[in-house]
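Asks: Residue numbers (the working numbering), protein chains in the order written: chain A, 1 to 202; chain B, 203 to 404; chain C, 405 to 732; chain D, 733 to 1060.
Simulated from the structure, these hints should not be mistaken for lab results. This one's a predicted model, so the numbers in the text were calculated from it and none came from an experiment. Just so you know, not all the hints are guaranteed correct.
[Unchecked claim] So these bits of chain C aren't anywhere near chain D, every CB distance computed over 12 Å: (1) ASP431; (2) GLY446; (3) GLY500; (4) THR541; (5) PHE606; (6) ARG627; (7) MET631; (8) ALA673; (9) ASP700.
[Claimed, not checked] To give a feel for the contact side, a few chain A residues facing chain D, derived at Cβ under 7 Å: (10) PHE10; (11) THR30; (12) SER34; (13) ASP40; (14) ASN44; (15) GLY81; (16) ALA161; (17) LYS169.
Positions of the beta carbon are idealized from the N, C-alpha and C atoms, including for glycine.
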Amino acid sequence: MSETALDAAFFVRWMTAVAAAVDREADHLTELDSAIGDADHGSNLKRGFTAVRTALEKEPPATPGAVLVTAGKTLVSTVGGASGPLFGTLLRRTGKTLGDAERVGLGELRDGLRAGVDAVGQLGSSAPGDKTMLDALDPAVTALADGFAAAAEAAGAGSRATVPLQARKGRASYLGERSIGHEDPGAASSALLFAALAEVAR
Amino acid sequence: MSETALDAAFFVRWMTAVAAAVDREADHLTELDSAIGDADHGSNLKRGFTAVRTALEKEPPATPGAVLVTAGKTLVSTVGGASGPLFGTLLRRTGKTLGDAERVGLGELRDGLRAGVDAVGQLGSSAPGDKTMLDALDPAVTALADGFAAAAEAAGAGSRATVPLQARKGRASYLGERSIGHEDPGAASSALLFAALAEVAR
Amino acid sequence: MLINVAETVVADALRGMAVAHPELVVDVENRVVVRRDAPVAGKVALISGGGSGHEPLHGGFVGPGMLDAACPGEVFTSPVPDQMVRAAAAVDSGAGVLFLVKNYTGDVLNFRMAAELAEDEGVTVASVLVDDDVAVTDSTFTAGRRGTGATLFVEKIAGAAAEEGAPLERVEAVARQVVGASRSFGVALAACTTPAKGSPTFDLPSGQLELGVGIHGEPGRERRAMMTSREIAEVTVDAVVDDLRPELPVLVLVNGAGATPLLELYGFAAEVHRRLADREVAVARTLVGDYVTSLDMAGASVTLCQVDDELLRLWDAPVQTAGLRWGR
Amino acid sequence: MLINVAETVVADALRGMAVAHPELVVDVENRVVVRRDAPVAGKVALISGGGSGHEPLHGGFVGPGMLDAACPGEVFTSPVPDQMVRAAAAVDSGAGVLFLVKNYTGDVLNFRMAAELAEDEGVTVASVLVDDDVAVTDSTFTAGRRGTGATLFVEKIAGAAAEEGAPLERVEAVARQVVGASRSFGVALAACTTPAKGSPTFDLPSGQLELGVGIHGEPGRERRAMMTSREIAEVTVDAVVDDLRPELPVLVLVNGAGATPLLELYGFAAEVHRRLADREVAVARTLVGDYVTSLDMAGASVTLCQVDDELLRLWDAPVQTAGLRWGR
Ligand SMILES: Nc1ncnc2c1ncn2[C@@H]1O[C@H](COP(=O)(O)OP(=O)(O)O)[C@@H](O)[C@H]1O
Ligand SMILES: Nc1ncnc2c1ncn2[C@@H]1O[C@H](COP(=O)(O)OP(=O)(O)O)[C@@H](O)[C@H]1O
Ligand SMILES: [Mg+2]
Ligand SMILES: [Mg+2]
Ligand SMILES: [Mg+2]
Ligand SMILES: [Mg+2]
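With the sequences and hints as input, model every part of the structure.
Replies: Listed below in structure tokens is the structure:
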């Protein structure tokens, strides 16, 4: 598995699978955001990943890194909100870290994603435990050492583990204790990101 | 019965009984007005007859005519809407027609009310059959020849008979055919007026 | 509802107007709102009024270039004659007073009584009825067309004429001209809740709308399944244009009923313009906002007023009120 | 809702702004609203923006004496950096640009990215965060206080300073002074409905209210049984005054959330004044109306800004925008 070499087409398939998952789950994500946020996370990501799909179809980049940089830039330019810059930075930084290699192995992807996740924490001044997307992203990247399926599972578990947390960052933090008992929408969409990765890798 | 001689105190009791009836039925009148009007008839009359009660208590007029003129003027000054000028005119004109007699008989009262009802029709450019207060007032005054109870009964029947009519005057006329099937609020309150008269005459 | 008790809603609001608008004299007890510099020497005075619940109409339109006084009644209930008599006494400079009256039985009767009483006190009074709502058939079988959005046009344009020093007959003629040149049509997406009743005045299931509603929470002429903003604009503009058949450019008022977000109202205004273009109606000016409201009703109305150069000049003239303000 | 489809709500509204306001340049495609005479030579340019659904904020505050440009995002979603970069290019006269940013993670991040990109293109950019909502504890365990009603004060007062020709450092300092002098607190009587969700963002049974709500349809800090206007004014004013402890006279904004009738809002303003008098806070000016809305949310907020003579002078200075207009 650590011998896997992933090409640009794989990354395009990944982003396309994320777009499909977000389409499917948009209402659910908005529902989650409506409980402890402002009821737009689903439509935000739907708008963003639809634009990503269009951008990648129009001019498919030649390298894995370029695919993610394009995806990240597109998210920044079309999503807005907190998740636009954060998800955008995640993908852009991951892509930049991958450089212009034509193919990347699992270890390189993990290093890239680690850099991306660190950039998210830096941009958002946030850390795992704050009840944000980091609670899914961080364990997922760690579990990537055990393969795509393990990463997807860790992301899902991380997202579900946000339910009992009190939010310290983002809009949900305004609710104080009332944020407890709800799953973080950004963690839930991060789990979709890794589920899609596992799906296209299968 | 036609020998009855009614003094100022009787007319004060009548107005007080109307005030009590309107208090009791205000929500119902507003409910009726909400179906084909603007949901204020109950509070309009409640405000008006509360003021009438206060005015009559403060300085009880010496004659039946003066009681009704005071009541009518007070309604004009406190009710507003269509019913303020109309009910106000009804009582004021009736009072004026009674002149300054200390006591009035049933026949005189009937003549006075007939003049009052005519003044309402003139002011409102309306006639029985238009689905207004006149549909209760007009038959009530006619039936007054047979006594107070008959008048009250005729007023109630007249009010109920507005249900199948299409309104041609007032706010309900805006609804066209949709005004059919509802009792006119002003007719319903007119029936209270005559029910109160029968009650104090008993 | 954000109120104390239903009985004090109007008085409470007038106390609020008093603290927010030192440029107005607000007589809370007698329910009269007067511009502070009244009576203005030699100027015809404009007085309007009607039930409360339509704010900023009318109190929000008192000030230079518009009304001299407003008489707010109880919620959705026309004011009593005493209010207009008092207002006339406060604002008449000797040049006469013009009553601007929305055509509802209650308003007509109370203003008529007030005119008689004020004339008894030596004030010259003229009255103009506003009846612009094409949803109501104007026949002997109704109380006639309702007065709705055109009230704003009449108050603004006649107010400008009065501010310029036009005599009473001229101001009255201008007001009549505006009434004749104006038509409206409104829709409701949800009913309003009056303080006295405490629940919606009619029951409108979501996914339905009422076409041809008035401004007092009364149901309209017809209930339909929900339509898009574009479809509603088509029905609304067509109803007005078919009746008015404008040959001159129009002033457009895209008016919010109260609870419809300004965001949606602007979108609706775009669709209204689109339909006016389809109908080859030229637009001179467009005003978008909550001006003639029905408490918290959701919905909107469109009023058109066709204007010649003179009416347009008077529309553009300066106005300084709480609810409408430009120029100078 | 009076819309076509959720996806086009913002674009539709911008088309409507374009037809209603010829004094603005509305770039519907790129979502930038600019005053027509921009860039104004030698003048510091003010740019704000944020999610849509708060109208008239911010587009309605573009014009002489206030903003040079506004960048509307999707409903309740902060705009993307491209919008602010484009706006900066359109309005910068060389005197620099000030970004006025409401303190939400999304707004902060997108404006920060935009500032970096605009500076890459040679524009001098300063940014001021507005964070006035005392309902949110300002600690390291939250994203900090939200920006709400004070945004109007900051845009108006800093806008006046810029219009007078103050340099960037001075306009920025004025904006910071206003932020530091302002606090807000809001209540909701009913949640709002976003076009994307199509149903209320939270479930508030009638007879209950939410204290300490923001402007994005999020629930507040505490749910209570319905209170009177007077009681709500007490809670609201006390929350603000206890935090701000004003020693100077205050500007008062009594702001409607969207669906609360102006009639009720004026009544609430009277109660707010009453409570301020109890608390011995002197009032310099009072503004009542729907200025920083949350679509069709019912409720209100109170913002106080304590002002010295200079801030009061800048507040009183002329302003000519769709949503706020006086003087000149
Ligand atoms: N400071 C932060 N660091 C990391 N993630 C954050 C931060 N703030 C918000 N988020 C994530 O963003 C998500 C919300 O995204 P979205 O609803 O699209 O934006 P907004 O909150 O602006 O409406 C949250 O659920 C959370 O996971
Ligand atoms: N032209 C008229 N002639 C006689 N009665 C009328 C006329 N117009 C209205 N009414 C009566 O007034 C009643 C409504 O009174 P009310 O609700 O108090 O006033 P408003 O219609 O101004 O709200 C109607 O039910 C009707 O009986
Ligand atoms: Mg959100
Ligand atoms: Mg009524
Ligand atoms: Mg009424
Ligand atoms: Mg958002």
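Asks: State for each hint whether it applies.
Replies: Here is what the structure says about each hint:
no. : hint   : verdict
1   : ASP431 : holds, 15 Å
2   : GLY446 : holds, 26 Å
3   : GLY500 : holds, 31 Å
4   : THR541 : holds, 26 Å
5   : PHE606 : holds, 17 Å
6   : ARG627 : holds, 16 Å
7   : MET631 : violated, 9 Å
8   : ALA673 : violated, 4 Å
9   : ASP700 : violated, 5 Å
10  : PHE10  : violated, 28 Å
11  : THR30  : holds, 6 Å
12  : SER34  : holds, 5 Å
13  : ASP40  : holds, 5 Å
14  : ASN44  : holds, 6 Å
15  : GLY81  : holds, 4 Å
16  : ALA161 : violated, 19 Å
17  : LYS169 : holds, 6 Å
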